[in-house]
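**Student:** Sequence:
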Amino acid sequence: MASNSYFRLLPDFQYLNPTQTGGARKQYVDVKNLFLRMKVKDSALLYATNFIKYQVYEGDRPDNVAEDLYGSPYYDWVVLLTANIINVRDEWPISSRLLYDYAADKYGEDLNATRHYETKEVKDSKGRLILPAGQIVDPGFTIPDPDNIGQTLNPVVGVSNWLVETRKNNKKRSIKVLRKEFLGSFLEEVREFLQYQESSQYSSSTGKVASNDLV
33 MASNSYFRLL PDFQYLNPTQ TGGARKQYVD VKNLFLRMKV KDSALLYATN FIKYQVYEGD
93 RPDNVAEDLY GSPYYDWVVL LTANIINVRD EWPISSRLLY DYAADKYGED LNATRHYETK
153 EVKDSKGRLI LPAGQIVDPG FTIPDPDNIG QTLNPVVGVS NWLVETRKNN KKRSIKVLRK
213 EFLGSFLEEV REFLQYQESS QYSSSTGKVA SNDLV
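Quick note on numbering: the sequence shown equals residues 33 to 247 in this note's numbering.
Hints are computed from structural coordinates only; laboratory data are not their basis. Just so we're clear, the structure is a prediction, and the values are computed from it rather than from any experiment. Accuracy of the hints is not assured; some may be wrong.
Within a straight-line C-alpha distance of at most 30 Å, the following computed DSSO-like cross-link-like pairs (lysine-lysine) qualify [what the hints assert, rightly or not]: (1) K85 / K158; (2) K138 / K155; (3) K155 / K200; (4) K204 / K85; (5) K152 / K204; (6) K208 / K155; (7) K138 / K212; (8) K152 / K200; (9) K203 / K85; (10) K85 / K208; (11) K212 / K85; (12) K200 / K138; (13) K152 / K85; (14) K152 / K138; (15) K204 / K138; (16) K152 / K203.
Go ahead and model the full structure; you've got the sequences and the hints to work with.
**Tutor:** Below is the structure:
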């Protein structure tokens, strides 16, 4: 296990071994405490200068993004943690091929059917914005023509199920990650956070002993 992997940083937990029976001495096994997890505050992601926007490209995985950003694939957990990604399967963008297979299975023959209608951007002859794009409307939606009095425009476009799924996947490609120069201090904060505080189960800053009276 690499020294910079997330599981190396997790503290241990001595769990009463349920496979050992009998005898006066209780038998414990050391396991990692997977229930501990940090979460970066949303407000920190919005305003802190130690984060940058990163574009996830086709075929990128958390480990090769970590290699690109921090020089090691074992910092993939830093990428996911600072991007506030918990479920990689649902929150990380997938390849175009996987996306097509998923959408085709979900919609079948309706893959290219219209999901809804949206406005197209409209500006007048002076370049002033009259109507922004992307507003969901009915197919018969109209507005007055800004350059021709008495005439109307139907600035509407149909959006297919496939386009909706493509947009969802592309939205996942823009993430916020930690700047490389702040990696060291961030790791120290993680180590401090993952240390245990003194309690009835405390054995050390990185170890606890479980008490299970039912075993």
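**Student:** The structure should be examined with respect to each hint, and the outcome stated for every one.
**Tutor:** A quick look at each hint next to the structure:
1. This hinted pair does not check out: K85 and K158 have alpha carbons roughly 34 Å apart, beyond 30 Å.
2. With a CA separation close to 37 Å, the supplied pair K138 and K155 exceeds the 30 Å bound.
3. At roughly 27 Å between alpha-carbon atoms, K155 and K200 fall within 30 Å of each other, so this suggested pair holds.
4. For the hint linking K204 to K85, the alpha-carbon distance of about 12 Å falls within 30 Å, and the restraint holds.
5. For the suggested pair K152 and K204, the alpha carbons sit about 24 Å apart, so the restraint of at most 30 Å is met.
6. A C-alpha spacing of about 33 Å is found between K208 and K155, which places the hinted pair above 30 Å, so the restraint is violated.
7. At roughly 39 Å between alpha-carbon atoms, K138 and K212 are farther apart than 30 Å, so this suggested pair is violated.
8. Taking the CA atoms of K152 and K200, the gap is near 19 Å; set against the 30 Å cutoff, the hint holds.
9. Of the supplied pair hints, the one linking K203 and K85 holds, its CA atoms being roughly 13 Å apart against a limit of 30 Å.
10. Annotation: proposed proximity of K85 to K208 holds, straight-line Cα distance about 4 Å (limit 30 Å).
11. Taking the CA atoms of K212 and K85, the gap is near 12 Å; set against the 30 Å cutoff, the hint holds.
12. This hinted pair checks out: K200 and K138 have alpha carbons roughly 14 Å apart, not beyond 30 Å.
13. Restraint check for K152 and K85: the C-alpha separation of about 28 Å stays at or below 30 Å, so the hint holds.
14. Between K152 and K138, the direct Cα distance comes to roughly 27 Å. Compliance with the 30 Å bound is thereby established for this hinted pair.
15. For the suggested pair K204 and K138, the alpha carbons sit about 19 Å apart, so the restraint of at most 30 Å is met.
16. Proposed proximity of K152 and K203 is supported: the alpha carbons are some 20 Å apart, at most 30 Å.
Consistency note: the structure conflicts with the earlier hints numbered 1, 2, 6, 7.
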